[in-house]
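Chain order of the listed sequences is A and B. Following the numbering used here, the numbering of the first sequence begins with 1 at its first residue and continues without gaps. Following the numbering used here, the numbering of the second sequence begins with 1 at its first residue and continues without gaps.
Hints were generated in silico from the structure; no laboratory data involved. Please note that the accuracy of each hint is not assured.
Here are the simulated distance ranges between beta carbons [stated by the list, open to error]: (1) B/Arg-271 - A/Asp-11: 17 to 23 Å; (2) B/Ala-105 - A/Glu-139: 36 to 42 Å; (3) A/Ala-186 - B/Asp-269: 35 to 41 Å.
By construction, the Cβ of each residue, glycine as well, lies at the ideal position given by its N, Cα and C atoms.
Number of protein chains: 2
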Amino acid sequence: MTERRYDPTADEWVTFATHRQDRMYKPPTDDCPLCPSRPGGRLTEVPRAAYEVVTFDNRFPSLSPQPPAPEVAGTELYPVAPAFGRCEVVVYSDDHHTTFADLPADRVRMLVDVWADRVAVLGATPGVSYVMPFENKGEVIGVTLAHPHGQIYAYPEVPPRPARELRAASAYRDRTGRCVECDVVAAEAAGPRCVLTAPTAIAFVPFWARFPYEVHVVPRAHRPDLGALGEQERADLSGLLHRLTRGYDRLFGFSLPYVMAVHGRPTDDERDWDPVSHLHVEFTPPHRSATRLKYLAGSELAGGAFLTDVAPERAAAALRGAMG
Amino acid sequence: MTERRYDPTADEWVTFATHRQDRMYKPPTDDCPLCPSRPGGRLTEVPRAAYEVVTFDNRFPSLSPQPPAPEVAGTELYPVAPAFGRCEVVVYSDDHHTTFADLPADRVRMLVDVWADRVAVLGATPGVSYVMPFENKGEVIGVTLAHPHGQIYAYPEVPPRPARELRAASAYRDRTGRCVECDVVAAEAAGPRCVLTAPTAIAFVPFWARFPYEVHVVPRAHRPDLGALGEQERADLSGLLHRLTRGYDRLFGFSLPYVMAVHGRPTDDERDWDPVSHLHVEFTPPHRSATRLKYLAGSELAGGAFLTDVAPERAAAALRGAMG
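Using the sequences and the hints given, assemble the complete structure.
Here it is in structure tokens:
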């Protein structure tokens, strides 16, 4: 069963993909589907003996270009829709035992180009409204394949969280005439929550960090998406992403799990999104200390109200000290 | 540092309570702060040798009646507010080694009255806009005290998730003239997702379940909150909650972790909430099978878009078979 179902009590779509129960779950290293194929030997999902960055369709996609018809019939109360979209895998390296932080700098720079390219291609597909590159890293996040990789989802509508941000940015712009993220960048560029700076981008712990060591990496100028970044801006963004992940690992003393996600402009034509879309990359590590996790429980899950017990200024100071 | 900070990029408040880093973390059983105090011996947070249900203020509250002034100065971009509200603990039993499911039936019935009473009292406090009883159960949810207990949070505004539900219910009512949850109950009362029924309440896996074994327990009649339930309705609601938790444990073969939350009417006077508030109790267990968890990662956390790989009809059938 692969379909999208509408939740009329929250005005949200939920995607069901029951074939994903069969997906690979922590395969042993010598059975990794993201490793190179051996000449004359095992064929993995990448039919090459060596590679730098590879993208391809997820074999167990939640959203696909030619989805089956929904199994249930929709009603006025419960609309249903095909699980249309695209789920891509982005393999960072042919080395099973590395991480985003441990890639060479030029590989991270290449990844930014790959993201920009795939966002442009997938976003131009009719019916795709939002494209989000992201990485889930670490077993505590539920990652089932250890080989360093990220994902790119192309959604048929703007997902709830970016939609909320765009609504807030629109309201802010109506009130002040300015972009809220531009104002945030101005407030954070030299303040106590700033972690890293480059000529065209900064990394900071948000004033309102929902996760203790949350960091946002944002271009200083108003750029709606990755494709709008110039050469220097891409270099600076990739440099900060790389330094940040290395600093995370240094501060915690181990390879820090996180969710990283790129939020940019929707790719539909519903309105001119440029004025209210300011590209940002969000890192949300689940750790609140080296030995403890921040769990999402009653207040966060059922209430949507985040409680945090680390001051953003303190997290930023600790991170600054580890950036090297 | 205890304060609320506004996120202008998402139009959300986040609560900071850094003293909570010091809260008790999985104390050994003989040091449990929720166990009875021993005569002439150790004094716990409950100064009684025996009790049924006890409620008291959380010693490490995120929200409190007399919060300190915020440490940072607010700005136009970043408003701040005191962390006003109330966090209560609800201890279910003086027996450290029991669970909600294993309580006697009359104790669960009593808990419904206790929730109704505390929601009324806390909701009448000036400045409190929403009161949510909930239970975080299990180490995988991050529970730090094993003694069976729940919590009640009194928030200074309607939290994002209930606010979203109320907006959806308002839009549905404007469109159809009806309560969306009343229509959901009518659709689920005898269908393939129904798990349990009683004369005045039902339990079902939602059509749009975000978690594989999510179950909602809802009064059949339009009741805005716990206080509006009559005697039979309270008995039926507590009976279904109890049977459901016992069935969960039976199906999985162990004491199933979950977040349980009661969503009812806001307690502020912003509008007449009665027509759009229909009481419901949500259970969201993190397990997608006995050995695997559903993790919230990129799509859910950064996108707000839930992906599920268990069909609600199948989860409901499995649950029905385990209800006894």
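Evaluation of the provided hints:
Taking 17 to 23 Å as the suggested C-beta distance range, the pair B/Arg-271 and A/Asp-11 conforms, at roughly 18 Å. Between B/Ala-105 and A/Glu-139 the beta carbon distance is about 40 Å. The supplied range of 36 to 42 Å therefore holds. Separation of A/Ala-186 from B/Asp-269 is about 38 Å and conforms to the stated range, judged on CB atoms against 35 to 41 Å.
In summary, this structure violates none of the numbered hints.
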